[in-house]
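Fit chain to chain and form the complex, with the hints in mind.
The listed protein sequences derive, respectively, from chains U and C. The opening position of the first sequence corresponds to residue 1 in our numbering, with each subsequent residue numbered one higher. The opening position of the second sequence corresponds to residue 1 in our numbering, with each subsequent residue numbered one higher.
Calculated cross-link-like contacts (lysine-lysine; reagent style DSS-like; alpha-carbon spacing at most 30 Å):
hint: 1; chain 1: U; residue 1: Lys66; chain 2: C; residue 2: Lys107
hint: 2; chain 1: U; residue 1: Lys121; chain 2: C; residue 2: Lys76
hint: 3; chain 1: C; residue 1: Lys76; chain 2: U; residue 2: Lys141
hint: 4; chain 1: C; residue 1: Lys107; chain 2: U; residue 2: Lys121
hint: 5; chain 1: U; residue 1: Lys66; chain 2: U; residue 2: Lys121
hint: 6; chain 1: C; residue 1: Lys76; chain 2: U; residue 2: Lys140
hint: 7; chain 1: C; residue 1: Lys52; chain 2: U; residue 2: Lys121
hint: 8; chain 1: U; residue 1: Lys66; chain 2: C; residue 2: Lys52
In short, the hints are calculated from the structure, not lab data.
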Amino acid sequence: MTQIRIPMPGLWHELGRMQDELCRVFGRQGNGAAASRTLAGPGVNIWEDETTVYAESDLPGMSLDKLEVLVADGDQLTIQGERIADAPAGVVWHRQERGLGRFTRQVQLPAMVDADRVEAKYEHGVLRLTMPKSRAALPKKIQVQAG
Amino acid sequence: MADKTLERKDRSDLTQANELADRGITHTPRVDILEDDDKLTLVIDLPGVQAKDLDIRFENNELTLSGRRASRSAGKPWLVEFEPGSFYRAFRVTEHIAGDKIAADLKNGVLTLHLPKVEAVKPRRIAVKCE
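In isolation and in its complexed conformation, chain C is listed as follows (with noise of 0.2 Å):
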């Protein structure tokens, strides 16, 4: 009994990847990743899932995504090309970035995460003046 207490709460101190993959299929999300002055974006595809379904997480520089899509069955099945499930997803992220300013927008199973650098990794423009 103790065992299994013990057990279980090993369980629970797994990532969260593992408990995801437990309940079935864990898809990667495709993601493009680009870079200007002023911050990173992040573009990931993913259709079928909505704003409620999705957990965006950014922790010692690590951000991970993760969430479950609904599938859908209407009738009986007769050609099946893909399977909606889990996915989880997550980014090392070396630039300095400003975590309270992350924002994330979700459009047409579209999502876009914008990451602002911190003002002091920000390339500076210095004028010159003339005297």
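Excised from the complex, chain U in its bound form (with noise of 0.2 Å):
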């Protein structure tokens, strides 16, 4: 079940992007109706040993004091957080096509993790995670015996 799952989270991704892309051209009017408008939100690249699950996520130019990151249910991922525009008064737009305003991301993980232990990182405009999963999501060796 779950691997038929993996494609699709990137696909609606994909679809979010393209409605991103169309809304940047066409709603972009200064009336403030693409500020208040929520972004379909970063891509997530996940990884996964046998302890830990691994993520990341492209987030370029944030203020660390405007990005959250929320583990519930222990394999629910939340990213979210807003852009703010730091552009000065009194200048020419030529082009924008950097994505501005508020997003929300969420992710189901591979397996159970361990919430009070996710270590989250924002390095070069990249958000790196790792969270070991948790006891519970561990395998266990079982012992055979002999009957």
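Have a look at this one:
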């Protein structure tokens, strides 16, 4: 079941990005509608090994007080925040491609993780999460007894 | 054999974009371009890119930006929505830019390029004297 689900979030994410792109082209009228809209959210990569789940997301130009990472129910990861424009007044815009505004991204993790031990680092505009799996999710060796 | 050498020479003449594309995915970073009286400012999203992996050139009024971002993997992939790789973007600059005064600043995965205009094209305020 889990195997089938893998490509879907990526596909939805791509559609969301296309929607963002269209909104950016047609919706930027300076009436505030674009600014209050919630973006589909950043792309997320997730890996796992036996003991840990790793996640990575591109979030260039964020200030840390506008970035929030939540783990709910052990396997629901939410990354949300807001990127604010810091453009000075009195400039002429020739091109505006970078997304601004609020975003929320929710992903289901491949395993239950221990929310208290999640480590989050923000380096070079990339959010990196290291999430140790909860004890219940770790593989256990069962001793087989001869009977 | 001679053909091969020739082919290789031709290949080395290819633009940087093609070279980068040969090695995998080439991304086009998103950019904002702003202008005021003194300068053009380019703001470019380059998450995961460090200064050492970034090449910025300004030649014949063309500004090119290229580089490569190291990919990271830990364990087996479960969800892959983006792949780090090469990036390339070129801009033709029509304003008269002082090429030797271009300044670049990379912070939190955002590159800011300041392209100051040459003195001659800056609007000049003329003070009117009263006698």
